[in-house]
Amino acid sequence: MALAITAEVAAEQGLTPDEWQRILDLLGRTPTLEELAVFGVMWSEHCSYKSSRAWLKQLPTKGPAVLQGPGENAGAVDIGDGLAAVFKIESHNHPSFVEPFQGAATGVGGILRDVFTMNARPVAILDSIRFGSVDHPRTPFLLKGVVAGIGHYGNCIGVPTVGGELVFDKGYDDNILVNAFTIGIAPADRIFRAKAGGPGNPVIYVGSRTGRDGIHGASLLASAALDQSAPEKRPAVQVGDPFAEKLLLEACLELMRTDHVVAIQDMGAAGLTSSSLEMAGRGGLGIVLDLDRVPMREEGMTPYEILLSESQERMLLVAKRGSEEAVRAVFAKWDLEAVVIGTITDDGRFRVRWHGAEVASLPVPSLTDEAPVYRRPAEEPVARLEDAQRLDPGSVPQPSDLGQTLLQLLESPNCCARDWVWRQYDQFVGGNTVVRPGADAAVIRIDGTRRALALTTDCNQRYAWLDPYLGAMLAVVEAARNCVAVGARPLALSDCLNYGNPERPDVMWEFQQGIAGIRDACTALGTPVVSGNVSFYNETEGRNIPPTPTIAMVGLIDDVEATLTPWWKAEGDVVVLLGRTREELGGSEYLAAIHGQVRGTPPWIDLEAEKKLHALVLAAAEERMLRSAHDVGTGGVAVALAECCFGGGRLGVRVALDEGMRADALLFGESQSRMLVSVRRRSLTQLRELARRDDVPCTVLGEVRGHAIVIGELVDVAVETAHERWRRGLERRLGV
Amino acid sequence: MRWGVVVFPGSNDDRDALRVAERVLGDEAVPLWHKDRDLHGVDCVLLPGGFSYGDYLRCGAMARFAPVMESVAAHARAGGLVFGTCNGFQILCEAGLLPGALVRNRNLRFVCDVVTVRVETTDTPFTYGCRPGELLQLPVKHGEGCFVADEATLAALEANGQIVFRYVDRAGRATAEANPNGSLGNIAGVCNAGRNVVGLMPHPEHAVERLLGGDDGLKLFRSAPAWLGRDLATSRREPTVVPGP
Numbered sequence: 001m002a003l004a005i006t007a008e009v010a011a012e013q014g015l016t017p018d019e020w021q022r023i024l025d026l027l028g029r030t031p032t033l034e035e036l037a038v039f040g041v042m043w044s045e046h047c048s049y050k051s052s053r054a055w056l057k058q059l060p061t062k063g064p065a066v067l068q069g070p071g072e073n074a075g076a077v078d079i080g081d082g083l084a085a086v087f088k089i090e091s092h093n094h095p096s097f098v099e100p101f102q103g104a105a106t107g108v109g110g111i112l113r114d115v116f117t118m119n120a121r122p123v124a125i126l127d128s129i130r131f132g133s134v135d136h137p138r139t140p141f142l143l144k145g146v147v148a149g150i151g152h153y154g155n156c157i158g159v160p161t162v163g164g165e166l167v168f169d170k171g172y173d174d175n176i177l178v179n180a181f182t183i184g185i186a187p188a189d190r191i192f193r194a195k196a197g198g199p200g201n202p203v204i205y206v207g208s209r210t211g212r213d214g215i216h217g218a219s220l221l222a223s224a225a226l227d228q229s230a231p232e233k234r235p236a237v238q239v240g241d242p243f244a245e246k247l248l249l250e251a252c253l254e255l256m257r258t259d260h261v262v263a264i265q266d267m268g269a270a271g272l273t274s275s276s277l278e279m280a281g282r283g284g285l286g287i288v289l290d291l292d293r294v295p296m297r298e299e300g301m302t303p304y305e306i307l308l309s310e311s312q313e314r315m316l317l318v319a320k321r322g323s324e325e326a327v328r329a330v331f332a333k334w335d336l337e338a339v340v341i342g343t344i345t346d347d348g349r350f351r352v353r354w355h356g357a358e359v360a361s362l363p364v365p366s367l368t369d370e371a372p373v374y375r376r377p378a379e380e381p382v383a384r385l386e387d388a389q390r391l392d393p394g395s396v397p398q399p400s401d402l403g404q405t406l407l408q409l410l411e412s413p414n415c416c417a418r419d420w421v422w423r424q425y426d427q428f429v430g431g432n433t434v435v436r437p438g439a440d441a442a443v444i445r446i447d448g449t450r451r452a453l454a455l456t457t458d459c460n461q462r463y464a465w466l467d468p469y470l471g472a473m474l475a476v477v478e479a480a481r482n483c484v485a486v487g488a489r490p491l492a493l494s495d496c497l498n499y500g501n502p503e504r505p506d507v508m509w510e511f512q513q514g515i516a517g518i519r520d521a522c523t524a525l526g527t528p529v530v531s532g533n534v535s536f537y538n539e540t541e542g543r544n545i546p547p548t549p550t551i552a553m554v555g556l557i558d559d560v561e562a563t564l565t566p567w568w569k570a571e572g573d574v575v576v577l578l579g580r581t582r583e584e585l586g587g588s589e590y591l592a593a594i595h596g597q598v599r600g601t602p603p604w605i606d607l608e609a610e611k612k613l614h615a616l617v618l619a620a621a622e623e624r625m626l627r628s629a630h631d632v633g634t635g636g637v638a639v640a641l642a643e644c645c646f647g648g649g650r651l652g653v654r655v656a657l658d659e660g661m662r663a664d665a666l667l668f669g670e671s672q673s674r675m676l677v678s679v680r681r682r683s684l685t686q687l688r689e690l691a692r693r694d695d696v697p698c699t700v701l702g703e704v705r706g707h708a709i710v711i712g713e714l715v716d717v718a719v720e721t722a723h724e725r726w727r728r729g730l731e732r733r734l735g736v
Numbered sequence: 001m002r003w004g005v006v007v008f009p010g011s012n013d014d015r016d017a018l019r020v021a022e023r024v025l026g027d028e029a030v031p032l033w034h035k036d037r038d039l040h041g042v043d044c045v046l047l048p049g050g051f052s053y054g055d056y057l058r059c060g061a062m063a064r065f066a067p068v069m070e071s072v073a074a075h076a077r078a079g080g081l082v083f084g085t086c087n088g089f090q091i092l093c094e095a096g097l098l099p100g101a102l103v104r105n106r107n108l109r110f111v112c113d114v115v116t117v118r119v120e121t122t123d124t125p126f127t128y129g130c131r132p133g134e135l136l137q138l139p140v141k142h143g144e145g146c147f148v149a150d151e152a153t154l155a156a157l158e159a160n161g162q163i164v165f166r167y168v169d170r171a172g173r174a175t176a177e178a179n180p181n182g183s184l185g186n187i188a189g190v191c192n193a194g195r196n197v198v199g200l201m202p203h204p205e206h207a208v209e210r211l212l213g214g215d216d217g218l219k220l221f222r223s224a225p226a227w228l229g230r231d232l233a234t235s236r237r238e239p240t241v242v243p244g245p
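The listed protein sequences derive, respectively, from chains A and B.
When you number the first sequence by this note's numbering, it's gap-free, plus one each residue, and the end is 736.
When you number the second sequence by this note's numbering, it's gap-free, plus one each residue, and the end is 245.
Simulated from the structure, these hints should not be mistaken for lab results.
Computed from a predicted structure; not experimentally measured.
Please note: incorrect hints may appear among the correct ones.
Computed Cβ-Cβ distance ranges for the label pairs, DEER-style [said to hold, decoys possible]:
| id | chain 1 | residue 1 | chain 2 | residue 2 | range |
| --- | --- | --- | --- | --- | --- |
| 1 | A | Gly82 | B | His40 | 28 to 36 Å |
| 2 | B | Glu28 | A | Glu622 | 34 to 42 Å |
| 3 | B | Glu151 | A | Ser133 | 46 to 54 Å |
| 4 | B | Trp33 | A | Thr449 | 23 to 31 Å |
Where is the CB? At the ideal position from N, CA and C, for every residue including glycine.
All chains, full assembly: derive it from the sequences and hints.
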């Protein structure tokens, strides 16, 4: 191609003038088009983490259970019995906004590959999905497409989707979030990594053929803000084939039972380019690729297209020399191709051949470890925060009928039942689902053992918008508390940091605050970050999303029979509130859904009190003292009490709350570090003693009784009425 | 007894079915590879759920041509037991081993839920241990589970007692609300005229442990050895056609 390579061509690859100059200085010559494309994707925000890398180093990543921290395809923690849990959460936001079905489907496909690449069989998927206001005209279309896409991929490949979040907030009107999480289980001593070794070893391409889809997905779609032209970017969205991935999954796991593999890496963002460079980079080696040998879906593809294609369901692996035939045989069994397309070298260079000529020859470190790192200017948006954090309680009128308010909250889009979503996902495949979606956390038994994993994703973007530091901290705390509520000890987490345009100082400040919040919460709770993903440029025409640091927490239950659920178990059981209620309305769902205000400061958090609550609940669970447990979160005590009534028996509850504060704050305030539990009457003394020992406020509220939700003189509604309003919430507001 | 679980490319519940046979029932179980015609002497062939060959065409339309299916058909013709769940049911219909067909759910959406089914006949190898009219809680999870057949076929199925399961509510009534996919006559499962081949959309293999929400599915698996024992006791006879209750 006789195209002159200039700063303008570089700009089309997403490279800034400074970066273009840096490339010229580095090479001492003008790059070829292929080389420029390689710089474009490898130095993109999505692949290089250039705006976030300097800050991510603050996160605690070590702990006694950590087998693999950030920097690999996924993180891994020890879960006993010689097994490791391998997990990661990742965003697929812009593709899902541009093409919701395929965007969400390939988001799931990508995160599944990250996990099975490490020799872990995926056992569960969770998806944290966030849309604009329910009244936005595009919201139903996007929601239907995303849910169908997630279901399409997860159901077909045969991994259960057991939870996640569904949130509506007008802050996502122009930029939805789709964060997909997968966890798998691997033998702890056979975790495969993406670190190339052994010059002369063959580089083998396996899986689907390469086509022209997803070109520039990483560089131009994921690393730039959206605008009016979003629909025109559809060709940058990949197309998923879950059946091909199922074959790839089985073939890869079968191959990894042998000793033929040195390193293996999923071809995700930036496809062949990034997978080959990352493997070579981690091994401190070089790689030479012969693009003529790449299996292609169509004639006439250029080397530029082959290097940038993000066709799905492909893997690159480095095998031991002489193992080529054995590798081919395993993939042939599953009707997949396995083709040697290159070799590992010791010259530290990334070299690409096409039709006998070398079209690229670049030093590997310049594209990986030595990629640009930016410490972008950050500045607190003082005026915005001062205004938003100001909440005059006098401006919030108390509703006259709090029972009606409870019903309104229960059917509000962010509180109501999510069954319409869950019903579209296979929750059973694998035969280990102990707690299905809808509880505080999903619970998956670890096959062949007595242990189980608790899984949850959490983030309250309103809190993060009002206080980016506290919001991030509260996301970690809530995720941990949700694990504790099912009887699991929080082990470690994966974070998906969704923020706006990092070139804006206020966004950069929000991001830095978010990192600090996660850091401090993780340090206090002893839950390291083992994997994660940063998604910047969630901005459309100058409008940035609320800071959204989604936390995916993994907890461990030692005896699966001791798993807790939120629902009342029997009439006469005593209902107890653990933790202290403060008069807090800032950032609450009540304030937003009933009064249309997103104001104030998020609830206070005392990490020491939170830890004590966790210790108490886990100790009581171990003693089999608790009949049920439920986190008090969105919607406060009143909504939590109602949710506990929505089990199979529709058992009611009769309680009284200590007053001494506004009734609406008492019912709907979202004070942290609280849990609603129920116990047999005879266990009450023992629970009180434990609570005294652990220094956790323990208040008997009342008992499980009848079929109504009765809260003192404030609320008296039939469980059936409340359940019906809650169940039909999404249908009523979205017509789905 | 000895169970064989067919593994097509895209089978997902094969591992679950093998686990039920081996770990829950304590029986022998072997995977049957789709390219292999050898059934390895199994007493019962299970066709598991999943998305065989991706099911991008019509569910089960590709799987019926797999080499293993020739042997499964021969096994069925010889009176051997064949049990298909979900995708397995779809494949058996496509292969002509069971009557009717399964099409897109009436609301066009995938459905995952726990449903109640009523046992319509105990005269099959997989309901032999149930009570007539017994209600079972079983998971469903499918996008194409709406059972359809022409009127003559439906009438014949009724007359011959070949309708094995119907979707019902908790009180045992076959209502429209209890029907998760729009199946004609609320039909959830059927058998062939010889009664040795049974298919159903729900997943008994996902309902074998109380811990995981219920074990009603076990009754179906435990029926098979009892049925085979019954055959032996009456000195090997052809499966009989008896109208259901």
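Notebook entry, point to check: If you check each hint against the structure, which ones fail?
Noted result: none
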